[in-house]
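Please work from the sequences and hints to get the whole structure.
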Amino acid sequence: MKNQVLSALSTTLAALAIALPAAAQNGDGNLVIKAGKVITNAGETLENGTIVIQNGRITAVGKDIEYPWNAQVREFPDAVAFPGFVEAHTTRGMDRANENIDVAAFLNVRDSIDPVNFYYEDALRAGITTINVQQGADCVVGGMGYVVKPVGMTVEQMTVRPNSGLAMSASPKRGKSRATQAQALRRAFDDLHRYLDETVQEKKEGKDYATREAMFQGREPDEETAKGRPMTGSAWKVEGLELVPRWELDEKQAPLLSVVEGKTRVFLFCGSPMEVMTALSIASENGFLHRTVLVLDNSCWKAADAIAERGVPVVLDPNLMYVERDPLTGEEQRTFVPKVFQDKGIEFALRSAGNSGQSLWYQAAICMANGLTREQAIAATTTVPAKLLGLGDRVGSLEKGKDGNVVLFSGDPLSVRSFVQNVVIEGNLVYDRATDTRAMHLDSGAQPDNTAPYDPNGDWKPHCCDDPTHEHVVKTDEGEDPQEVEEAPAKKHNHPVDGDKDGDKDKDADKQGEDK
Amino acid sequence: MNSSASWPALAGLVCALSLPAVGRAAAATSPPQDAPVYVVRAAKVVTRPGHVLENAAVLVRNGRIERVAQDLAVPEGAQVIEGAVVCAGFIDPWSCLGVDASVLEDRSPDAATRTADGLDLFTADHVREECLAAGVTSARVQGGYRAGTCGLAAFVRVDPTLDTTEGAVIDEPCLAMSAGLSIDMGPSFRRMPDGSFQIDSGDRPIDVFDRVSAVERVVSQIETGRQYREAQVEYRYELEEWQKAIDEKAKELEKDFKKAKKDREKEIEKAKEKGKEFKDERYKEDKKPREPKYDAEREQLARVAEGELPLVVEVHRAAELRNLLKGTASFQRLRLVIAGGTEALTCADELAERQIPVIVWPSLAGPNGSDEFDGRDLALAGNLAAKGVPVLLGSGGRQGTDTRDLPLLAALAVGHGLDAQKAFEALTLGAARTFDQAHRVGSVEVGKDADLLVLDAMPFEPGSAVRYVLTGGRLAITPEN
Chain L
1 MKNQVLSALS
11 TTLAALAIAL
21 PAAAQNGDGN
31 LVIKAGKVIT
41 NAGETLENGT
51 IVIQNGRITA
61 VGKDIEYPWN
71 AQVREFPDAV
81 AFPGFVEAHT
91 TRGMDRANEN
101 IDVAAFLNVR
111 DSIDPVNFYY
121 EDALRAGITT
131 INVQQGADCV
141 VGGMGYVVKP
151 VGMTVEQMTV
161 RPNSGLAMSA
171 SPKRGKSRAT
181 QAQALRRAFD
191 DLHRYLDETV
201 QEKKEGKDYA
211 TREAMFQGRE
221 PDEETAKGRP
231 MTGSAWKVEG
241 LELVPRWELD
251 EKQAPLLSVV
261 EGKTRVFLFC
271 GSPMEVMTAL
281 SIASENGFLH
291 RTVLVLDNSC
301 WKAADAIAER
311 GVPVVLDPNL
321 MYVERDPLTG
331 EEQRTFVPKV
341 FQDKGIEFAL
351 RSAGNSGQSL
361 WYQAAICMAN
371 GLTREQAIAA
381 TTTVPAKLLG
391 LGDRVGSLEK
401 GKDGNVVLFS
411 GDPLSVRSFV
421 QNVVIEGNLV
431 YDRATDTRAM
441 HLDSGAQPDN
451 TAPYDPNGDW
461 KPHCCDDPTH
471 EHVVKTDEGE
481 DPQEVEEAPA
491 KKHNHPVDGD
501 KDGDKDKDAD
511 KQGEDK
Chain Y
517 MNSSASWPAL
527 AGLVCALSLP
537 AVGRAAAATS
547 PPQDAPVYVV
557 RAAKVVTRPG
567 HVLENAAVLV
577 RNGRIERVAQ
587 DLAVPEGAQV
597 IEGAVVCAGF
607 IDPWSCLGVD
617 ASVLEDRSPD
627 AATRTADGLD
637 LFTADHVREE
647 CLAAGVTSAR
657 VQGGYRAGTC
667 GLAAFVRVDP
677 TLDTTEGAVI
687 DEPCLAMSAG
697 LSIDMGPSFR
707 RMPDGSFQID
717 SGDRPIDVFD
727 RVSAVERVVS
737 QIETGRQYRE
747 AQVEYRYELE
757 EWQKAIDEKA
767 KELEKDFKKA
777 KKDREKEIEK
787 AKEKGKEFKD
797 ERYKEDKKPR
807 EPKYDAEREQ
817 LARVAEGELP
827 LVVEVHRAAE
837 LRNLLKGTAS
847 FQRLRLVIAG
857 GTEALTCADE
867 LAERQIPVIV
877 WPSLAGPNGS
887 DEFDGRDLAL
897 AGNLAAKGVP
907 VLLGSGGRQG
917 TDTRDLPLLA
927 ALAVGHGLDA
937 QKAFEALTLG
947 AARTFDQAHR
957 VGSVEVGKDA
967 DLLVLDAMPF
977 EPGSAVRYVL
987 TGGRLAITPE
997 N
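Quick note, the sequences are listed as chains L and Y, same order. The first sequence runs 1 to 516 under my numbering. The second sequence runs 517 to 997 under my numbering.
Hints in this document: simulated from the structure, not taken from any laboratory. All of these numbers come straight from a predicted model, not from anything done at the bench. Each hint should be verified, as a subset may be incorrect.
Claimed, not checked - Cut-off 30 angstroms, straight-line C-alpha distance, at most; resulting in silico cross-link-like pairs (DSS-like, lysine-lysine):
# : chain 1 : residue 1 : chain 2 : residue 2
1 : Y       : Lys-842   : L       : Lys-204
2 : L       : Lys-227   : Y       : Lys-809
3 : L       : Lys-263   : L       : Lys-203
4 : Y       : Lys-775   : Y       : Lys-803
5 : L       : Lys-227   : Y       : Lys-782
6 : Y       : Lys-775   : L       : Lys-204
Here it is in structure tokens:
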């Protein structure tokens, strides 16, 4: 069924089929992977190991283990199987990262995630299998994030865990200073407190009035009807909130109430060490310190003591080396940020740099080059981010019961010479480098079928033939049927003749599916 | 103020009601518990301006002054520091030391914006160190000087080892505003040697109408605060009355309930007989008075109007100053402090009569300085003091490093006619009192924070170098460092 949907989409939108080689190769979530080496990331590394995935979950990992006789087996004798990296926080893969409203707790990135975004394709190439997409930091309270896998044509298909946490920022939004930002953040919670107080007060007064009215009219007062839940949480409480059913509360306030009750994770961005102080104080004043993950700028290591004291986990800035000059001597001082957090015993996750150039494997490798152990560096890109996202039992290692996510590297995952050969997500082979046209193009300069050669003037033609009069049908994926070709008449065309290219050029562009 | 006669009676109630959500003062800094014990001994201990104890010593324990006496026995383990003169650490009442640049330059703060939220305690530690070496141990720091309403100030301890807001901020002692400054406080106005102002090209100047409206805005803000508080108090009274009436009514209803019930049953039967639908009688009662809508900014303005919080207004020209004095005359509890006051001498009599302190900013730059009011008259402090105006000395709150020069600025003022003792008072107890910090800092007295300077000679005397500095009981500066 999914395959049908996908093939229909890929034939009508050849563009997407090329952009997402992954999407065309889904399976049924049952797969046995045999790899030359299996890094389980759960204590052991197996030579010639086997991973059995059933219904999308790993059911066994080991050497020479049994698996169902009818299982589909893929053998990768030269590859290294690895659980896949976990991106703890990104603002990529979305249509828009930021909003204009200061306090927008009611927003959800679900409505902004763009499944065909280039980013997800790149994530597969880099071996990232789990991604937490969050609103950007240009906010006061930004909205709810989502954990997704980089495969699927809809947000629902991509979802690993909805509502991963609310984005907030202690760092000044455009047009604000640090002081007014902190003021706005505090005010968001003050407003919530006041709103709840007023709502409860109104409810009580309404009840009192109804009682008096009944007495006056000679009726027995009505029994209480709707009942809500009392407020929980550790910071401040509004007595009598049980009088108000939760569904009566303003939907703009409800997400923040859930934060104060300690039920929602918060990703709190800090752009400087002082903002860490502000963030920590606001988080403890409002009872969500234990649900807070700090997303840090690289200068924030200066506040590491305060973070360690409160035991708050962090996501580090992609730029791992902090460089400053001594104001008096002018001497350059370099601090390798992850080392500081490691030494203070703070849980930290690494983050890819904005343009996929420094992906998680690279960040982990840089950590090893600067004094962290291999285990620490890998943990910061797998198990730690998994834990921060509340997915510690689902992703981050190859163990029985976890999601069937396996990345097959051509060599060691942290080596600059290795590349991702295949990616399996929830038991489905979703990426194969052998069919990754874009990678082929980049690697060997090969001109894949149905793609246009690079022409700096933008004046390009299909490469398949040089005969301008030849009628050419664009090749689609296997399994295409004639009907679909008919449905898409634009597929047939005459190559433009000299002097008359304008109109056809655009159509070509649509069809050929070039992104840029 | 038409209702001002009835106000004093309400004052007590007002204080009880005020629940500043934003101006929650930072938690009092708890002094370090295992800090070393010091005995600071000197030929002269200036306990407070004008009071000198000969051959005395100060015992410092847990960050506080535990004893000041001439026959002080040195406790075991105490470190003894000796010098010629001991006095209280200097206070800069007008500074921006440690204020984040974005907060300092911010044009959008309101009355509830806290400078305490905008401190940057991780960078420029060396500047704090230099300020300490100059003898400045605490400061009122203020952000948003470009804005009409600059927000709440922070009273901070100068100590580079403190890097949390709770640790560094002693209190949030006042609200600050400005009136009549140019929109870009660059070199737009310049006072010429003949006393006139010249407008420099390039920056947007402020015209005379803006200047007038700026003062009006300050006054009207205070007025909104007063009205807000008044509305709150009225609401409490009305609510009390309403509650009383409703309670009585409820009692009555309860008493009459049986009868009402019987009547109702009868009515229902009657309606049935007649084949009509029964309708309950409509119930009426007095509406509950509405609470004034909470407003964080007006909360602070109300505190200002009621004198719970001093209001610092930076104002320079005689015209604005005169308008400001006129506009605020009716707020009897307002505690106004003038900052700048370049032409304050023209209003000296009124300032003296109302005992409005002026924070004078003596300038090192002289009459050809680059700033708008850098024509600051070095004799201003002396002249104002001579007229009986309470004078404070500040470093202007434009650059954090200026706080380091405060003692030098004070010396300049002394050199131009300010009485040395008055200058010393301005830097210590005067500043502390103006901003309600005299229970913590400003003098060498038992129970106060151990902010102590050990000098070679009396303050402002030539050769009065700073030898040792204790800030909050921590020995921060010694001749060795």
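Q. Tell me, which hint numbers fail for this structure?
A. Numbers 1, 5, in rising order.
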